[in-house]
Structures are given as C-alpha cells and as structure tokens.
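Asks: Chain residues, written in single-letter form:
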Amino acid sequence: MLRVTNLEAGYGKLRVLKNVSLHVGSGEIVILLGANGSGKSTLLKTASGILRPQGGRVLFDRQDIAGAAMERIVELGCVLVPEGRQLFNPLSVRENLLLGAYLHARRSDRVRESLEEVFSLFPRLAERQAQLAGTLSGGEQQMLAIGRALMARPKMIMMDEPSMGLAPMAVDKIFQTLAQLPARGITVLLVEQNARASLAIASRGYVLETGQIVLEGSSLELMDNHDVRRAYLGKDYKRIEE
Amino acid sequence: MILNRFYETLTREELEQLQIERLQSTLNRVYRYVAFYRQAFDARSVDLSRVKSLADLARLPFTTREDLRKSYPYEMFAVPLRDIVRIQATSGTTGKPIMVGYTKNDLRNWTECTARLLCSAGVDEHDVVQIAFPYNLFTGGFGFHQGAEKIGASVIPASNANTEAQLMIMRDFKTSVLICAPGFAGRISSTLASAGLHPENLHLRVGLFGAEPWSERQRTELEEGLHLQAFDNYGLTEVIGPGVAGECHERSGLHVNEDHFIVEVIDPRTLQALPPGEEGELVFTTITKEGFPLVRYRTGDLSRLLPEPCACGRTLARIQRISARTDDLIFFAGLKVFPSQIEEILSAAQGTTPQFRIVLDREAGVDTMDVQVEISEALPAFDELKNLEKLRDSLARGIQNGLGLQAKVSLVEPRSLGGEGKIRRVVDRRAEKMTTKEP
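If you're matching them up, the sequences are chains A and B in order.
If you want the working numbering, it's the position in the first sequence, counting the first as 1, plus 59.
If you want the working numbering, it's the position in the second sequence, counting the first as 1, plus 96.
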C-alpha cells in the first residue's frame, strides 16, 4: 500500500532522514519506533505531503506521491492524524467530524455512512456529538482526531503518537480501536514511543535511529530484540548493565 | 508443500523492496556495532546512504574466512554477548575456529529456514525424523532439530551414534526421514546388508542430505540403497548453518531463502558480479541476522544462479547444486579440512614439512582418507622400521587429535610423490566409485 524507498528529507540543510526504506502492506498495522529526534515525525510529514522530500520515492497505491500536495494524497486515500490532535476546539464533535469529510461533502449519503461508522467505532463520540471539542477529555479528543481522519474514508491512516499525554486506560481504548481498523479495510502506519501497546496490535515494525532504519521485523521479533527492550520497553536493564 | 507462502512466493518487486529495507538496516547496524565493518567501509569511503538498490551491493567490500578467523572469539558479533542465546562454530578446523552467535530472533529465523527445507521436501507432522548430524558446535544437528520440531515431526536426535545404532533406531522407531551428510548416509546404506536388513525393512521415504558436496550419482545410489527420495540442501555456519537453500520437489536447483540472505555469484578472480546463469563463487549477505551479520561473505563454493521460474510456485531464486570449490577445502566424513591443516600437523610432528598427498576414496560406501607422506632422509634413523611405524602412528594420532578425523597414514619412499611443487595435493576418487550393492 505504502512503499518508501531511499527517502531523504529534512529542514533546510539539516538532513533528518537518511536513505530510509520501508513499506506497509495492505491490511497491516506497522509501527515505527524511535527516540525523540530520530525522524519519525519527519517521515510522516513527508509521506503526507506536509514536507517535500529531498530524495527518494514514496509510492502510495502504486502512485508516486513524493512531493505531491496534501489534498491529493488525502484524495488518494492516505490520511494523517497529526501529533497533538489539532482539533477545532470551538466547534462541536459533530462539526469536527464533518470537516474531515470535506472531500465527500457533496455526497450526503456517504457522509452519513461514514459518520455512522465512526460512531460505531467510538460510541463515546456519538454520545457527545454536540459537545465542543475543546471540552473533551484527552482520550476523547484523540478518538475525535482519529474519527475525523476516518471521515475522509481513507485506505490508510498514519498516526503520530496517538498515545501521547493519555492515561493508560485511554491508551488501551485507543489501541483496541486501532486494532479493528484492518478488518474494516484500513491500513495503519503508527509512529509511537509506547512500544508495548503498539507492538501488541502491530504486525511488523521498524526502528529508526538518527534518521536511519536500524531494524525491521515482526512485532514478535522486535519485542524479543534486546535493543528495543532496553530502549522502548523499559525493562529493567540498568541493574544488569552497571 | 510451502511452509511460508507469504515470504516464499513474493513477487520479485516485493522481495526486492524487502531486501533493500533489510539490507539498509543491516548495514546501518554493522556500521554502528561491528568495528571490522566500520573500518572496512571507512577505508573504502563507502557512504551507506548511497546504497539505494541491490546493485549497490557491488560497492561494498567482501568478508572472507580469514577476516572471520582473525575476529576470534567474538569481534564480529553485532550485539553484546548477553544478548546471544547460542554459540556454534565451524567444523574441522585447527587452531581457532570461527565462532558464531545467535540471538533469540536469529534462532527463530534459523528454525524457520530449516523448517522450510523440510516442508519443501514433503516432511510433515506425521514423520519420524532421525537426525544423524553431530549435536555439538557444528550447526547441522541443532539447525535441523529446531526446524523439524517446528513442523511438529517426531524428532530423534541420533547425533553421531554409530551406523549399527542408527539402523536399530531407524528400524524400531520406523524412521521416515533421514537427515545427515551424504557420506554418512552411504555408510548406513552399506551397513544395511551386513546387519541382515533390506531397505524394505525400513520405513524411510525422504532423505535430506547436505553439509558436503555430493553428486547426482550419489543421489541415485542413496535412493536405491535406502529406498527414499533424496533432497539436497545448502548452508554454512558462518551464514547461519543449514537452511540457506534447499531443493523443492522439482529437485532442479536449491531455493535460496532470499528474504533472509541476498545471494550473489562473482568471478573469484576479478571479484566482479556475474550475470545469472554463469558459474562463479557464491557470496551471501545476511539481512535479518542480529548476532552475527555478514556482508558479502565469500563462501568458496562454486555454483550458478538459475534464473528461470520454478514449477513449484516458489519465487525464491535457485542456485545449482555446488559443483566445486574455489580452494582446496576437503569435505570428509561431515568435516571440512584444508590440506594446509594436515600440513601443519605433519610439520609439527616432524620438525620439517614433508611432501605429502591426500588420497580420498570410497570403499563399500565409506569415505576413506589416506595421507601419503614421503619419508625424509633427514630424519634420524629413518631406515629403521620400528621408528617409521612409530612415526606413522603418531602422525595418524596427531590428525585424529587435531582435526577429529580418522585418516590412514602411509609412509612412502622419498621423492616418490614427485618433485617439489609438482604434487597434486589432493586426489579425490570418491566421485568415481559406486557403492557396492547387494544383488
């Protein structure tokens, strides 16, 4: 579905991504692990059209989207759920969701269908349709951000740290929902620091380190890799090491 | 049967994407964690961020057996020793062996690789699998054991029990699959008659033979002698052990597990990559290994890539059965020996390096090694028979102790092997010999 080869990207003269290759197969949940500053968000920004790549290829559904406009990438079916959710706080839950459906705005039947789908995934959003987005809890806001992305009827959603700043219960809820997306025909690329929760639902993953992929493997393999465990699973290694 | 339909039948495009991803991440890791590779890449000013396709592999330096030998014990490991869960070593070497380490994931991938070979030879959970590879530092025993267990077969780790004991187990436990070196299978086959058994008294149906090169003729002999279907497989400890490549039911070439290993064929003289179909030296790059990753490892094995698609449905590339070596490595009784290692033992025992010749033969299906050594006039009392017998015995013992192989030593007249530098070091008559079969 998404195929990135030899991607180079950065800001001005600063090269953040150095020769990064990865792919996300149709119906997969793939996780991109990496410390702060490793280039995870830069990769999502480049794949979603926010940032122009300096080199390499990005294919989505066999079409070259490297450097394409964001709207076109969304039209093709690839939607980003940005870090920090970026909701319209003074608008209601329902209004926020409808904004996500702007591509299909002329097909009210489709919009209604999408809305029902989102509400079935997140019953909580249905209950709070009229509430202002800014008054929702962190977990609910994240649900809304995902729901809004789903309103564009994407083939794939890319998410930047959906667990950030959420209580453990809310994180569980979000990840349970994400795990259902492949069954609904939606492929997921997830950037996360919460390796434990995300590896539990992902099929494969990559580890990014200072702009380079240093590891690729199934979730099981990543969970069994000692570097991943030390860096992201917080297993008590310090005691053994020193 | 195909064990892992997803990875074994990827389109070339999908496979190459996977390979480039895994290659890039492997290169990034070895550059960070293996001093040898950091130096090797830096010395050639290799910019890893310019490795953008599989063709760019050609820009990377090779790794040789000598490099690995120098790295003893674990200079080539890419993870700390505590992340290693298994250590194995290359077989039949004097001095310092090449030690390799596996992480938990490496073991899992290795298991997958040998399980694929078993599956493609038609082995399943109903089979009783007898593994007659030694279970020690050598990778043959453990490598196949894990794969056979994964498939759910009943596994008998018969290891290096003698042929009579192997036969007894084989008969009494109705072994259906035999896994060993072809030479050892030949020995079992030739022991059958003397044990009063006919192949029909056994229940063998499949044999997976490897760890040393063998011929189509040996295949026929083993199939007739043991009433089984014989499959070739290929692997080497440095790369992972058995499981690098193996035959499917078509038995026309060995499928390389390309999602774990990138295979190249190079001209051993010019070191340039050869196009598919041309014979040259096999070179492997591991792309999933964590513990002991290798970049462009020169195997010394001669083969060629078979570019035509295989009728079995696997899209993994095939290599032809190993035809020869680029060097004088001898495969004998499941061990690998260089003539130089025998030479070391001979010169250590005598103080000087004698002229010698290694004659390999096959008698009644059993491989034999005769080390013919010229006696030297320089030796004190070389004309006394008793001293010569003593010398002969001590040489045979030295070879047994140093290399773990049983060789006959014959002392021959001075200069009878030919002049300096003209001796054919190794004479291998094994391929010409058929095993004697009971009528």
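Keep in mind that the hints are not guaranteed to be accurate.
[As the list claims (entries may be wrong)] Dumping the calculated SDA-like pairs for lysine to any residue here, alpha-carbon to alpha-carbon at most 25 Å:
1. K200(B) with Q468(B)
2. K486(B) with G447(B)
3. K200(B) with R263(A)
4. K214(A) with P169(B)
5. K232(A) with E268(A)
6. K72(A) with G500(B)
7. K246(B) with M282(A)
8. K192(B) with P169(B)
9. K192(B) with F132(B)
10. K270(B) with E296(B)
11. K200(B) with D123(A)
12. K504(B) with Q468(B)
13. K148(B) with G71(A)
14. K148(B) with D123(A)
15. K200(B) with S278(A)
Think of the hints as simulated: they come from the structure by calculation, not from any bench.
Asks: Now tell me, hint by hint, if it's right for this structure.
Replies: A quick look at each hint next to the structure:
1. K200(B) with Q468(B): Roughly 46 Å separates the two Cα atoms, so the pair is violated.
2. K486(B) with G447(B): holds, 15 Å
3. K200(B) with R263(A): holds, 17 Å
4. K214(A) with P169(B): Distance of about 50 Å is beyond 25 Å: violated.
5. K232(A) with E268(A): violated, 29 Å
6. K72(A) with G500(B): Since the Cα atoms of K72(A) and G500(B) sit roughly 61 Å apart, the hinted pair is violated (cutoff 25 Å).
7. K246(B) with M282(A): holds, 20 Å
8. K192(B) with P169(B): holds, 8 Å
9. K192(B) with F132(B): holds, 18 Å
10. K270(B) with E296(B): holds, 11 Å
11. K200(B) with D123(A): Violated - the C-alpha atoms of D123(A) and K200(B) are around 38 Å apart, more than 25 Å.
12. K504(B) with Q468(B): holds, 8 Å
13. K148(B) with G71(A): Distance of about 22 Å is within 25 Å: holds.
14. K148(B) with D123(A): Between K148(B) and D123(A) the Cα gap is close to 17 Å, so the pair holds against 25 Å.
15. K200(B) with S278(A): holds, 14 Å
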